[in-house]
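2 protein chains.
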Amino acid sequence: LGEFMLKIWNFLEKARNIAVAEPKKVIHCLKVGVTLTIVSLFYYMRPLYEGVGGNAMWAIMTVVVVFEYTVGATLYKCINRAIGTFLAGSLGVGVHWAASHSGDKLEPIILGISVFLLASAATFSRFIPSVKARFDYGVLIFILTFSLVSVSGYRVDKLIDVARQRLSTIAIGASLCVLMCMLFYPIWAGKELHNLIHRNLEKLADALDGCTAEYFTDSSAGDSWKKIGGYKCVLNSKAAEDSMAGFARWEPAHGRFNFRHPWKQYLKVGASLRSCAYCIETLDGCLNSEIKAPELLRRHLSDACITLSSSASFVLKELATTVKTMRKSSEIDFSIGEMQFAVLKLENAMKSLPNHLVATPSSTSDGDAKAEPIRKTTTPSSVMDILPLATLVSMLTETAA
Amino acid sequence: LGEFMLKIWNFLEKARNIAVAEPKKVIHCLKVGVTLTIVSLFYYMRPLYEGVGGNAMWAIMTVVVVFEYTVGATLYKCINRAIGTFLAGSLGVGVHWAASHSGDKLEPIILGISVFLLASAATFSRFIPSVKARFDYGVLIFILTFSLVSVSGYRVDKLIDVARQRLSTIAIGASLCVLMCMLFYPIWAGKELHNLIHRNLEKLADALDGCTAEYFTDSSAGDSWKKIGGYKCVLNSKAAEDSMAGFARWEPAHGRFNFRHPWKQYLKVGASLRSCAYCIETLDGCLNSEIKAPELLRRHLSDACITLSSSASFVLKELATTVKTMRKSSEIDFSIGEMQFAVLKLENAMKSLPNHLVATPSSTSDGDAKAEPIRKTTTPSSVMDILPLATLVSMLTETAA
Numbered sequence: 013l014g015e016f017m018l019k020i021w022n023f024l025e026k027a028r029n030i031a032v033a034e035p036k037k038v039i040h041c042l043k044v045g046v047t048l049t050i051v052s053l054f055y056y057m058r059p060l061y062e063g064v065g066g067n068a069m070w071a072i073m074t075v076v077v078v079f080e081y082t083v084g085a086t087l088y089k090c091i092n093r094a095i096g097t098f099l100a101g102s103l104g105v106g107v108h109w110a111a112s113h114s115g116d117k118l119e120p121i122i123l124g125i126s127v128f129l130l131a132s133a134a135t136f137s138r139f140i141p142s143v144k145a146r147f148d149y150g151v152l153i154f155i156l157t158f159s160l161v162s163v164s165g166y167r168v169d170k171l172i173d174v175a176r177q178r179l180s181t182i183a184i185g186a187s188l189c190v191l192m193c194m195l196f197y198p199i200w201a202g203k204e205l206h207n208l209i210h211r212n213l214e215k216l217a218d219a220l221d222g223c224t225a226e227y228f229t230d231s232s233a234g235d236s237w238k239k240i241g242g243y244k245c246v247l248n249s250k251a252a253e254d255s256m257a258g259f260a261r262w263e264p265a266h267g268r269f270n271f272r273h274p275w276k277q278y279l280k281v282g283a284s285l286r287s288c289a290y291c292i293e294t295l296d297g298c299l300n301s302e303i304k305a306p307e308l309l310r311r312h313l314s315d316a317c318i319t320l321s322s323s324a325s326f327v328l329k330e331l332a333t334t335v336k337t338m339r340k341s342s343e344i345d346f347s348i349g350e351m352q353f354a355v356l357k358l359e360n361a362m363k364s365l366p367n368h369l370v371a372t373p374s375s376t377s378d379g380d381a382k383a384e385p386i387r388k389t390t391t392p393s394s395v396m397d398i399l400p401l402a403t404l405v406s407m408l409t410e411t412a413a
Numbered sequence: 013l014g015e016f017m018l019k020i021w022n023f024l025e026k027a028r029n030i031a032v033a034e035p036k037k038v039i040h041c042l043k044v045g046v047t048l049t050i051v052s053l054f055y056y057m058r059p060l061y062e063g064v065g066g067n068a069m070w071a072i073m074t075v076v077v078v079f080e081y082t083v084g085a086t087l088y089k090c091i092n093r094a095i096g097t098f099l100a101g102s103l104g105v106g107v108h109w110a111a112s113h114s115g116d117k118l119e120p121i122i123l124g125i126s127v128f129l130l131a132s133a134a135t136f137s138r139f140i141p142s143v144k145a146r147f148d149y150g151v152l153i154f155i156l157t158f159s160l161v162s163v164s165g166y167r168v169d170k171l172i173d174v175a176r177q178r179l180s181t182i183a184i185g186a187s188l189c190v191l192m193c194m195l196f197y198p199i200w201a202g203k204e205l206h207n208l209i210h211r212n213l214e215k216l217a218d219a220l221d222g223c224t225a226e227y228f229t230d231s232s233a234g235d236s237w238k239k240i241g242g243y244k245c246v247l248n249s250k251a252a253e254d255s256m257a258g259f260a261r262w263e264p265a266h267g268r269f270n271f272r273h274p275w276k277q278y279l280k281v282g283a284s285l286r287s288c289a290y291c292i293e294t295l296d297g298c299l300n301s302e303i304k305a306p307e308l309l310r311r312h313l314s315d316a317c318i319t320l321s322s323s324a325s326f327v328l329k330e331l332a333t334t335v336k337t338m339r340k341s342s343e344i345d346f347s348i349g350e351m352q353f354a355v356l357k358l359e360n361a362m363k364s365l366p367n368h369l370v371a372t373p374s375s376t377s378d379g380d381a382k383a384e385p386i387r388k389t390t391t392p393s394s395v396m397d398i399l400p401l402a403t404l405v406s407m408l409t410e411t412a413a
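Going down the list, the sequences are from chains A and B. Those letters in the first sequence? Residues 13 to 413, per our numbering, in order. Those letters in the second sequence? Residues 13 to 413, per our numbering, in order.
These aren't lab readings, by the way, just hints derived from the structure by calculation. The beta carbon of each residue, even a glycine, is placed where N, CA and C say it ideally should be. Wrong hints could be hidden among the right ones.
[What the hints assert, rightly or not] Heads up, incomplete: computed chain A residues facing chain B, CB under 10 Å, no partners named:
| id | residue |
| --- | --- |
| 1 | 76 |
| 2 | 156 |
| 3 | 160 |
Using the sequences provided together with the hints, build the complete structure.
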């Protein structure tokens, strides 16, 4: 029993940590609670039709299913639900009408075939990436509404009445959700995406700094390890970026973002960031390998390497502020030039190496192997990746600012 | 208009390609269609209660919402739906009873507060990773059912009657889904995960082969490029692996997999695979860089490099068959030994380099820079990554076989 209590205690502890770390989430929960209470009590106080068994249920259901963490996701679900319900409803009424006018024997056959065909086709369309990204929820609602309507036992004129009532309750629930979502502490998917990209840029810069410092100063302080570890979450942020960009598309203009803000550019920047992170991963692997370069060689290259990595991380930080302020920094071109100069300097340092190699022929091969990847991986992360990244970001700021 | 027709044509073309590439998906769609038709017509033919407005609706809704692509996902949703509905239903009836016995004034206050508190708490619990992974859908259903039940206008004795009917329709819908899902062409999440890992291992082996062949033979045949590109989808497979492992947990024993198959091991193998893929990404970056090694140096190292990479990719293929057959291959230890020997051989080749360097001091620094990362990245992908991977896989096969 004590073990069970301990488990529960740990669980509560974890929950408390989440709440402290992100108070936004707590606010979201309170918003959901308030909205649901309002809708429930509204329909409880004046049972418009016949209590929960009737249509009031649809308002509550809409609130529970549609209210999401970000404004974009809520809007996506509301709009999808509205479109899906409307299309399926009208189609369903049509099929229902056709079936009811074709005799008692044909009626179930027509209904069955139409449900089968439309459900299969709609389910299949959910596998198509372009439909999945934008209308996944809408298609689900389409299938649901269509089969409910077309199989309903009502006569057509009563059916239209039911549909009207049901649509109005759904509309009330959905609009209440949207209002609550957008008016009180709105959490915009676009802004979250923006912050994520900006944070990831800074994490990469820190990791690059940390790696070089760790390697060349041999200070195994716990602080630098924490810094280096930051890049790891850049590696796995693709899914979060994709979904947020998908939701951000549905959001209206907010803050410094317009309605047709180029969210896809963020995905491209994210992809570049990830390939930078792969380089840093390799760099980190070299840092942890057993093979160590000899002191001599390390000292020879350390200046050039440190210059290069600090200028590269400076560029990354510069890009981070560029993304943050959405304004092209005046220093960015200059610092990219500086970085390229640092690359040349390191290349020169590499070329002057063979003189040392002659002096210490056997031991340097390992050292070379050690120092080389640093240069090599710093180089792609600077020249190969940052240049497209820089053009991307300047593109982004040009379209946005 | 012609443009619009073209768009539709492209869309249909894309859909057809998906259908041809994965006929499983088409079968899944047909299964959904058949199940939905059966449920709809069943309730249409004998309107048990009062037509679709009543409880038959819940059967249709359950089928639409619960029927997922894999067996694991369907079971996850069914079990979650059952648990959520049951818990929330009993709690809701309790609150409803308490509220209805506390006077007309207190009643809405008690109801409102209970809905607010439980909805907020349940929404918050969805942010806790361990709850999200296993019970996300169940919590949603809990909120929905609780607010529906506690706010319903029925008297308690009638409420229990309604709840019983509703539960039975949900049970009919859910069990029909599970039966259809498991009896006709079942698609097991566990098997899909197994195949994904196995395919990814093969792709990595191909990419490694392709990279070395590309670099050392200079044959820019289109075929090898296609091979190399295969590793890119390994980089982004984390989300798919996570969700499939989550669903696989719910599946009963099937094929060669037991109920408590160690699915988490697959995630660890997947993580190792991804770090291999990062290495290959860096290797690929070196392949595409402008700096080319001089012919002399390339020839000096090519033998050792080719041996190493072919033995590494042989190990990967060996691991792939190990995963596929779930039986520890007898050759695996031997081929890992061979790979380590190849690493030593390459290191020796590196050590004998300085002699060449003396002959061509200025031009080799570039060449060195080019050849080094190959060794370096092949080394981690062999020694650093494959060794833990090998232990992991042998662990896996020991627990599984």
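Hints and how they fare:
1. 76: Holds - the Cβ of residue 76/A comes within 10 Å of chain B, reaching about 4 Å at its closest.
2. 156: Since chain B brings a Cβ to about 4 Å from residue 156/A, closer than 10 Å, the hint holds.
3. 160: 6 Å, holds
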